[in-house]
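Student: Chain order of the listed sequences is A and B. By the numbering used here, the letter at position 238 of the first sequence is numbered 238, and the numbering carries on one by one without gaps. By the numbering used here, the letter at position 386 of the second sequence is numbered 1386, and the numbering carries on one by one without gaps.
Hint data in this document are derived by calculation from the structure and do not stem from the laboratory. Any given hint could be a false lead.
[What the hints assert, rightly or not] Using C-beta positions, here's what the derived DEER-type ranges look like:
(1) B:1291 with A:222: 55 to 61 Å
(2) B:1364 with A:37: 26 to 32 Å
(3) A:131 with B:1102: 29 to 35 Å
(4) B:1102 with A:258: 19 to 25 Å
Glycine included, each C-beta is placed from N, C-alpha and C at the ideal position.
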Amino acid sequence: MKCCIALLAVSLAALGQTLDCSLVPGWTQQGASRSYTGDNLFEYMDGNAEGYLVYGFVAMQGVNCESGGETIVFDVSEMADAESAYGMFTATRDPHGPLERIGMGGQIVPRRAIFAKGKYFVEIGISKDAPDVLRAFCRAFEAKVSGATEPPQTLAWFPREKLAPETVRLVPESVLGLRLLKRGYIAQYDYGKAFIVAETSPETAAEVMRKLRARVGETAPVKIADEAFEATDRYLGRLCFFRKGRYIAGFAGLAEGQPALPPSTALAARLP
Amino acid sequence: MNSSRRSFLAAGLALPAAGLATTPSSSHSGSDQPAPALAPAGLSYQKLGRTGLTPTRVAFGCMITSDGSVIEKAADLGINYFDTARGYQGGNNERMVGAALKARRKQVYISSKSHAKDKAGALEHIDTTLQTLGTDYIDIWYLHGKNSGEDITDDLLEAQAIAKKDGKVRFAGVSTHKGQASVIDAAIKSGKIDVVLVAYNFSMGSDLDAAIGRAKAAGLGIVAMKVMAGGFRRPQPGDKTQETLKRDGAMVAALKWVLKNPQVDTTIPSMTDMEQLDADFKAMSSKFGEGDQKILSAHLERIGPLYCRMCGHCEGTCSQGLPVADVLRFLTYADGYGQFALGRERFLELPAKVASVRCRDCSSCSVDCPHGVRVPERLSRAQELFA
Chain A
1 MKCCIALLAV SLAALGQTLD CSLVPGWTQQ GASRSYTGDN LFEYMDGNAE
51 GYLVYGFVAM QGVNCESGGE TIVFDVSEMA DAESAYGMFT ATRDPHGPLE
101 RIGMGGQIVP RRAIFAKGKY FVEIGISKDA PDVLRAFCRA FEAKVSGATE
151 PPQTLAWFPR EKLAPETVRL VPESVLGLRL LKRGYIAQYD YGKAFIVAET
201 SPETAAEVMR KLRARVGETA PVKIADEAFE ATDRYLGRLC FFRKGRYIAG
251 FAGLAEGQPA LPPSTALAAR LP
Chain B
1001 MNSSRRSFLA AGLALPAAGL ATTPSSSHSG SDQPAPALAP AGLSYQKLGR
1051 TGLTPTRVAF GCMITSDGSV IEKAADLGIN YFDTARGYQG GNNERMVGAA
1101 LKARRKQVYI SSKSHAKDKA GALEHIDTTL QTLGTDYIDI WYLHGKNSGE
1151 DITDDLLEAQ AIAKKDGKVR FAGVSTHKGQ ASVIDAAIKS GKIDVVLVAY
1201 NFSMGSDLDA AIGRAKAAGL GIVAMKVMAG GFRRPQPGDK TQETLKRDGA
1251 MVAALKWVLK NPQVDTTIPS MTDMEQLDAD FKAMSSKFGE GDQKILSAHL
1301 ERIGPLYCRM CGHCEGTCSQ GLPVADVLRF LTYADGYGQF ALGRERFLEL
1351 PAKVASVRCR DCSSCSVDCP HGVRVPERLS RAQELFA
């Protein structure tokens, strides 16, 4: 444990050194830098800390930068892994705003920029509309941190047809509001909501399927992958869940008249 | 630092909403008790101070909810108050809450919060909030996360007054996580705040009770958040604590602990799934008992630097002559091991002069624990419990 704490401290110290306002010429640090862990993030986040903790927040480093009377708030959160960092990004991006190719994914709106690269989730805010300044900081900092630059591969498993743009996101716990589906991805389609959850093994996935059947109640078996069923739930609507190896996936909230089998079969075909 | 953060968050994702918010219809000025969709048994309500609103005592904190179906089910069960904030997930949380409650707007109360630091920012926020939630009014609009009375500025109060006058919000509130007593007193003094949203849980003992009592007496509504003490969601990935706590009932016990205080009008525990919703819902109709106390006491021992390690560092440092380590140990008998009788017996064996000391009578504490045990708080609890 002491070893882990020491490693964490080293990791954060290294990150702190790269949080440098002079990454963009003309900007200087204002005040001291700041750092938080999961134990005291609430002191900084004014009630929003739990939203970070659910995504495997480990620690945060931040600085304020100043230039010509304008201030930038520059925070970098270290998450448990790249998937969690990307998950944090998908949870906080504006679904109506354009995305930018920064790290695994990024977004810049007039006064705010966010992106994820590797296990780092970066947030930069500025006191006036200045997307170019934000972009310059993002690019400069992106070059300084190492880590994954491609989104998690799960995203590619969702069929593109009728997929609402940029709606795939990581749900850190209780996918579809079901505790049995611990963590996974969901995606919004024109006709319903798809999900993919990875279990540790085909056996544990089969056990989860068994419990799901029991929870949903009346189910009708269908032929997709290793096992599958259709059902109707008061809150999840018409649904089709299937298991392929260690993956549990399917659709919920299917629109009236939308058959469950074709999209579910298409999704199953893309899973490994 | 915090205002920088708030300013930063305020900058993000604001969408133009000019002309969007309209004067609300009479739909929210009539009945003050929305009817639950399914009207099940087990609901309890309490009037939220002078607002006249009557939320269920267990309401719904939406901050980390990721699927609207849980919110829909909660509304169907009869839970009638849902809380979100402009800053949650960059506004995405308001979007999800609005979509989930769209068909039920007249049956529920909705609150949101603004972390803006000035009037202009706050008024921009309320318009964006209404647009994102898809409603023309919210029931309570909190100034978000104020840490001292000075944070409740005239500028922000004016923003709330304007929003009320325009029919965009029904009642003004303030939320606080730190410096809570100061914020509560400032809210009372302002005469313009209707509701206070406070962090309140079993790990705090009776620390906040006096301030809550003053607010209650002044007619303010009391909403409790952080009712699970935060310790249920550990920052380390793979930590099994949360699962364990869900299994052993600690989360429900924590909620019941808050509900046993009649000064608290309602609570807004965070809920992420149907199972948690069902459990929290049941807490409304079951009383806090000995079993709950044991669970919480054991959990207290795990979550914080509350318990004495008997290092002896504090020996002789109390200006009132209290044997600090001994009293903390007596408290551990009761809180940690459920041995209340033993703890009290030992406490009453103390010399009368020592047993009559009340830590709250000291303006500052001379005892400094190197392990971070909150000595005055713990000793006060022991005195309250045993004396």
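Student: State for each hint whether it applies.
Tutor: Tested hints:
1. B:1291 with A:222: 55 to 61 Å: Check failed, 44 Å falls outside 55 to 61 Å.
2. B:1364 with A:37: 26 to 32 Å: holds, 28 Å
3. A:131 with B:1102: 29 to 35 Å: Because 32 Å falls inside the window, the suggested range holds.
4. B:1102 with A:258: 19 to 25 Å: Holds - the Cβ-Cβ distance for residue 1102 (chain B) and residue 258 (chain A), about 21 Å, lies within 19 to 25 Å.
Going down the numbered hints, you'll see the structure goes against just number 1.
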